Amino acid sequence: MGSKLGWLKLPLYGALLFLYLPIAVLIFMSFNESDAPFTWTGFSTRWYGELISSPEILTGFRNTLIVAIAATIIAVVLGTLLAVGLARYQRSAALEAIALTPAIFPDLALAIGLLTLFTNLNYALGLDSVIISHALFCAAFVTAIVRGRLHQIDSSLEQAAADLGDTAVGAFFRITLPSIKPALIAGALLSFTLSLDEFVIAFFTNGPSTPTLPIVIYSMVRFGVSPEINALATLVLLTSALIIIIAQRNLKVKDQI
Amino acid sequence: MSAFLSIENLSKNYGQQIAIKNLSLEIAENEFFALLGPSGCGKTTLLRALAGLESVDAGEIRLQNQDLLSLPANKRPVNLMFQSYALFPHLTVYENVAYGLRREGLPKDEIAERTSKVLRTVSLLDQKNRSPSQLSGGQKQRVALARAIVKRPKILLLDEPLSALDKKVRSEMQLELKRLQHEAGITFILVTHDQEEAMSIADRIALMDQGEVIQVATPVEMYRAPKTKFVADFIGENNLLTGQITTSSFMVAGKSLPIANTQLPSGSNAVLVLRPEQITLGVSGFVAGKLISSNFYGGSTLLFIDCGFDQLIKVTCVLDQVPVVGTTCHLSWNPADATLLSDG
Amino acid sequence: MRMTRKVTVSSFAALLLFGLSACSGSDSDSSALDPNADLSKQTLTVSIWAAYYPEDIAAKFEEKYGTKVTITNHATNEEVMAKLTAGGDSGIDVAFVSGQFAQALAAQGLLENLDKSLIPNSSNLIKEAEQLSYDQGAKYSLPYAWGTTGICYRSDLMKGDEPTSWNDLLTPKPKYKGKITMLATERWLMLPAQKALGYSANTQDETEMGKVKDLLIKAKANLLAYDDTTFYERLVSGEAVMVEAWDGWCNYGIAKNKNIKFIVPKEGSDLWADTMVVLKTSKNKEAAHAFLNYIYDVDVHSWVVDNILYKVPNKAAMAKSLPALVGDFPNMGISPAELLQQEGLVDLGKASSLYTRIATEVTSK
Amino acid sequence: MAQALVKTERDANQRRALISRSIFLIPGLAYITIFMLVPLGFIFFYTFLTRGTYGGVEYIFTLENYTRALDSLYVGILMESIMIAAAATLLAFLIGFPTAYAITKLPSNWQNVFLLLIVLPFWTNFLIRTYAWIVLLNTQGFLNKGLINTGLINQPLEFLYKPGAVILGLLYAFLPLMILPIYSALVRIDPAMKEAAINLGASPSQAFRQITLPLALPGVLVGAIFVFVPSIGNFIVPELLGGGKTVMVGNLIRDQFLKARDWPFGSVLAISMVVMLLILFFLQARVNKAVLGEKSG
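Protein chains in written order, with the working numbering: chain F, 1 to 257; chain H, 1001 to 1344; chain R, 2001 to 2365; chain U, 3001 to 3297.
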């Protein structure tokens, strides 16, 4: 396999080394016995124990799950409807650009915009405001993926359904939805992972009593070098890897970008 | 005196799969030569090997006695017109055509002159500043052709050049290709899976199957005297009846058919090849059968007659003589016209 | 202090979205508190610095009063200030902020005046701490911990060069270059230069601040980083040898390495206080007062002294904890009188934008 | 009569089409309008207001926030941010392009595996990944210890808390976002393009420079946007790896909103970031059109 690559092996394996070296160090240090951040003293799994008995992390994890699940549900519904609408009812480059903008918009600008909106509406910040905010950019990703899938599917399927007497909504549920199912699953999983890891928008739109996991991690990282973070990183990596592998089975990475 | 282009004992494998098997072929200067065969027969691999885009495992290719295989792809006097045309989308029509000349480092004036001239030949001079995406299919094809011939190669290779065009444009382009080949005085080697295209355009055809050349002949020879059952089946409409040779006749499904002299020994298995237009309908014949259906093709009609063989017999018939479906037809032919091929 | 009636653009938002106009909330004084309120019906959200309080405080408080408590952490004063001043109900009942920030909140009318009758334990408050410059008489805030800022250093790695002046931090010997950190938060970022130049820590003079800026930019070349949170760990690991630090946080380093020492530079320093305030928007004010009272309980507050290693302005708690600690952590022995010799930080009002700008200039240069 | 019937029938059909179009389009577009376009409008509106003494805004209209943004202090920070983000983008291209190119040369089943490997670190927590570099590059960290143990150096080197460390952190954080679009642009190029160039007399390196590279340019630009935009708005990497000694536009905006409580000025900075994004998109669309002769998107 490698022989065809020649000198290209260097950048390929170099990039992988670059990407994985810090992660390998974190995983390694998560099994360190002492809390010395840079010195190996012996093998131990105590930090995993401390991790799962830390109330902050558990609360953060629970909050993050709530946000990710709720935002994903909203994003899948909105994103799918919008993708179908754009593909079948209103082809417009401008609308399409607007629909996809939240996905690439600078997160900081989005975050302060939402903060401004919520404060001016006197809307108390909490998990719900994070959910609303996360659903915004997640929906854009769902739209992009579903839109891509709809490109590949013949629109004559729905026309055939209409020809056979089905309503537009009926055709959507009976024909369109089943045929875009892989894209829906991939979009949902992507939304879920993106929300799970999102920090900046959550940081600005979250209320005081409901920190999400990345916010907990942020305060931990700022307050110094705790081996619990290494253990957490290892677990987060495993979870993300699992989700991504499942998503991969439904849609190849290359179709997403 | 050796041939213009000679290919000797060429072999190429992809792992376990054989693409070209010990293939030898000679092509003359200024010939319009077609490599014909079903997909996967190795014809495209052979073409790419000539262009240097594919390495070979064994064998030799000589062009005017010069070893072609030792030349890198970008130095061979051989140009290829790709099936997808492969026009560079970020360059204009003019830049596409001039690309190869610029690589030769020719003076600017000469490049401009030759590029304009060839664009005029393919009637695209007005479109020279357009981008390829603004052209129709036929125009794209002509740009691809111009880009290849402007280099004045010794051989022009054409990979399924007409497959992407619709039928009407295709026949126009066939004429165009022939004219160009004549004018430019270049040897053309065309790869196609379409036997009609090969028959109508080429001086000679090599029919390939599973990496081997089965028969090399002019279109007429190949039609009239197919060397094997594969050739007979691939070229034109045909009735192929499998049976056994007896002392004086040919036994098919218990019926005895007359044959002319044959070298094949009595008792051997053989295939009787009968072109539909060689069969006549009459009041009596060698075999009889019921007319199942008739397909109208404008100038002629093709009848399908069930004579009790493992296949329906196809017969060409002029329009005003077509019997009603269901009538019994009697078939006869001149036994000397029919070809007997060994079925091995 | 001038009262500013804050105008929000909420009416603009409402108009835009719903075609309605909204009224801003009134600034009237709060109604009297009910000393017999059922605290188990109230809930509390308390915002406090991470790792600055007993971890089980929420559970213990709920056990005692039946009030469900949510603790939320902030990393900096600014973070919680942003939430408290954003307009509307932040959802926070009790906030822990530094004194000058409490002053700013009070100036905006965001703080409830404390009803000391609901905080009987406030009798433990050291009398010197009632006269802090940001809140004379502790009307709207009750100090949680107090102290001063100085230099925390590795005596073993700086033998013979033990710092005594802010200048030792700002213009160190070449061999300590790149092994120094300073605090990043604006007021404490300025403090070493202000004191080294002999200015007030609350100066609003632009020429003085210009000189402060120049000195800080010069000092930056010697810094490893600006660090508010992990400076003591850098001392422990040896990555840094000398850091600007709050007295209490230096103690975390001392706990891990006895070679770490704390000094208050000879030019003097600040007197800071982290204080507890009750928000006017709170719907659980009785429980909020009970929480402040609970903190001033001898056992709770002495836990803070024992574990957080900060001085608290609570007579009984200090009396209980100090004897065992002062040997290991000498700065715990700094007396209230000594603290009051340092300069108390007050809010800067309009001049805060000058500080912000200089901080930006210094950190971006 | 019959015609009138047809007409009402036709009206009903049109109405039905309009309703189904609305069902699909309105929820999503309304959501985007309320939670993205309206907030953007707010930010833009704020840029003309005056900050309140203790945060919030006062309804005194002014252009002062804009003139303030032109102050050499902020222009300097903006330029440095652009330089840092551009350096991260350039490095990401220099590493990402050959990496993506190498992946296209693999057998197709291996291509997916390697793409997955490239993407995977991207889904671990961004903060933790950034923090990992501190563990590696600290003066007491693994790299320094390793270098000292091998005798290459005798004093630990200071890698962190410099603009270079910020660039490294941004490069690390966003490299996959460069590799993926380049890969997808490269695999979309008809392999016959390069063969045609060679067939016309180009050397392999000429074919790469004159054909493959320009054809991959749209992908490179997408990647550049994907790396540049989050880099310039980032405030975590400068904070953690820059040691607070490097200030980028992201930090400045964050501080205006969370520290200085100067929302109008923070809004001006945010709008400048949005404008930068729009310019990049415009450029990308132009290049896309020039290279592929098609409308982008």
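Treat each hint with caution, since some may be false.
Think about it this way: if two alpha-carbon atoms lie no more than 27 Å apart in a straight line, the pair counts; the simulated BS3-like pairs of lysine-lysine are [unchecked claim]:
1) R:K2175 / U:K3162
2) U:K3145 / R:K2218
3) R:K2177 / U:K3145
4) R:K2177 / U:K3162
5) H:K1167 / H:K1108
6) H:K1154 / U:K3194
7) R:K2060 / R:K2266
8) R:K2060 / R:K2116
9) R:K2320 / R:K2258
10) H:K1178 / H:K1167
11) U:K3194 / H:K1117
12) R:K2258 / R:K2177
13) H:K1108 / H:K1178
14) U:K3289 / R:K2173
15) U:K3194 / H:K1075
16) R:K2220 / U:K3162
17) U:K3162 / R:K2211
18) U:K3194 / F:K9
19) H:K1128 / U:K3162
20) R:K2159 / R:K2218
21) U:K3289 / R:K2213
22) R:K2173 / U:K3105
Please keep in mind that the hints were generated in silico from the structure rather than gathered at the bench. Just so it is clear, the structure is predicted and the values come from calculations on it, not from any experiment.
Just to be careful, I want the Cα atoms of K3194 (chain U) and K9 (chain F) compared with a cutoff of 27 Å; is the pair within it? 21 Å, holds
Pair hint K1128 (chain H) and K3162 (chain U), alpha-carbon separation not exceeding 27 Å: 54 Å, violated
Does K2173 (chain R) lie within 27 Å of K3289 (chain U) when you go C-alpha to C-alpha? Between K3289 (chain U) and K2173 (chain R) the Cα gap is close to 60 Å, so the pair fails against 27 Å, i.e. violated.
Distance restraint between K1167 (chain H) and K1108 (chain H), which requires alpha-carbon spacing of 27 Å or less: With a Cα-Cα distance of about 39 Å, the restraint between K1167 (chain H) and K1108 (chain H) is violated, given a limit of 27 Å.
Are K2177 (chain R) and K3145 (chain U) close enough, with their CA atoms no more than 27 Å apart? Given that 27 Å is the threshold and the Cα spacing comes to 20 Å, the pair holds.
K3162 (chain U) and K2211 (chain R): Cα distance at most 27 Å? 25 Å, holds
Does K2266 (chain R) sit within 27 Å of K2060 (chain R), going by the straight-line distance between their CA atoms? The hint is violated at about 43 Å.
Mind checking the alpha carbons of K2258 (chain R) and K2177 (chain R) for me, to see if they're no more than 27 Å apart? Measuring from Cα to Cα gives roughly 23 Å; hence the hint holds.
Next pair to validate is K1154 (chain H) with K3194 (chain U); report whether the Cα-Cα distance is within 27 Å. 22 Å, holds
Between the alpha carbons of K3194 (chain U) and K1075 (chain H), is the straight-line distance 27 Å or under? Between K3194 (chain U) and K1075 (chain H) the Cα gap is close to 15 Å, so the pair holds against 27 Å.
Hinted pair K3194 (chain U) and K1117 (chain H), Cα distance within 27 Å: 26 Å, holds
Would you mind confirming whether the straight-line C-alpha gap from K2060 (chain R) to K2116 (chain R) stays at or under 27 Å? 22 Å, holds
The earlier numbered hints that this structure contradicts are 2, 5, 7, 13, 14, 19, 21 and 22.
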